[in-house]
Amino acid sequence: MKELFPAQVERLAEPHFLVLFWAAQAEDRKVKFNITNCFDDLKFHRITRTKQNVVAILDSLAALCFVTLKDEGNRRNIYITPYGAKALEALVLHHKFQPRQSAFLEDLTP
Amino acid sequence: MTIGIGGAGGKLAIKLDQDALLVNVSEVEMGKLPARNKLLAVRHSVQGQLRGSRKNPQIGQDAYFSIREELLRLIRGNLVFSSTGGGTGCGICTALLQEISQGAEPALADRTRFAFVLPYAKQEPAEFVANTTQFLGGPLSEALDSGNTGNLILFSNRLKFESKLAEEEFNELMVTSLRTFLEIPRKNEELRLLDGHIDVEDFNLYTAKPYFNHFTTFEFDPGAPFDRQLAQNLNPLLLPPENPIEAIFLLEVPEGGDPRAFYNILDHFTGKEVTPIYSVVENPRLRKPSVTVSMLYSRKPAELVDDFNRISQEHVKAKVRKTVEQHVQLHRLEVNLEQEVKQLARQRGESDNDILVVLKRIGKL
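Residue numbers (this note's numbering), protein chains in the order written: chain B, 1 to 110; chain S, 1001 to 1365.
Residues from chain S shown here face chain B by an in silico Cβ test under 7 angstroms; the list is partial:
1. Asp1352
2. Ile1355
3. Val1358
4. Leu1359
5. Arg1361
6. Ile1362
7. Lys1364
8. Leu1365
Stretch-level coverage of chain B by chain S, calculated; a stretch enters the list once three of its residues show a Cβ under 8 angstroms from a Cβ in chain S:
9. 23-31
10. 75-86
11. 89-95
Rather than coming from a laboratory, the hints here were simulated on the basis of the structure.
No residue lacks a Cβ here, since even glycine has one placed at the ideal position from N, Cα and C.
Using the sequences and the accompanying hints, generate a full structural model.
Structural data, given as structure tokens:
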């Protein structure tokens, strides 16, 4: 089982990294980060153009227990889990991806 | 007859002579002075008719042509007052002097005497100084070279500004000073003559010469050297004189006074190779001897222009400095480097370390 976690992290792509990163940032700032925000941000960075892709990314992260999706009101909010935090830490330490800003969190929407 | 051109010229002329002829481009301005004789110069524009020339000599120059014939006839043998800084006086006199310079040499009796009031460059508007510079370097230089004018009297506003005098008071001083000089032949006729003689013809001949005239009046102490007394009593209303070319003096002694005191004055001028015209009269109203001296001198107008240019440049520099200080406010840029770096980091994303800090802070690591 020890080899499983690095293998899981190894397979994560940039969108996964960014979702984990933004989810952590949002929690740090005590802001709720939902699927729509996540879609807007990924679209802002021209990573994806469809919401289905975003849902797929989030589903995979949730399946790996890296994030928890909670239905709150009529929003589905994203929370990073301790496994997700470890995965993000591993990605950061390997300098695999460069962080990008969240248009939602930084209020950069044109 | 005395002729006053422009605002300043008109005020002085009317003060010296109630029958003076005033010349202006603005009827409104002319109406402010109690003159019987007025001559309105017009130009083909509404500008200047109501508000005067507002420091623009071109308006005066254009308007001159509407009164050219009449003015040239009227100024013959007379005294003209004008300022060199304003628009009307400077403009009309520019055109007038150019015409006189280019014309045939007039008879001595027909030469016009000019009294100009120069601005005090340190404190008067830069436009006045610029107009004066152009006037001194252009038409006045030409007039001097041509030798077609009479005496040129250069009053300066320096004393007015340095002593903080009211305009009325200062004008009175200038006119009184000039009147004292102009009264020399009358005193010769009215008072008892003790030595020498200056008649009206002598005086007119003297004032018809094309030089700058510096005149002054002071109480004369026969026991003290005249050089020193003259140096101490130069007329503060006029520009200081250079070495005299010709001179005239009237010594007034009190009743029973010693008329021989004039030899001291003669010696002074002889030392400068000048043989003055002089007279000594007895004035019973005086308690001490008094002397009225006039010296004709020539100064290269270029030197005058240089003086003015120098002061004018300082003036312009100061003005530019002031403009910069007053209108181009350079806001002090206060940069908090720490905040800027954080802001930049936020815009670029977050550094690796920051991400780890965040994760620890939210208790997920």
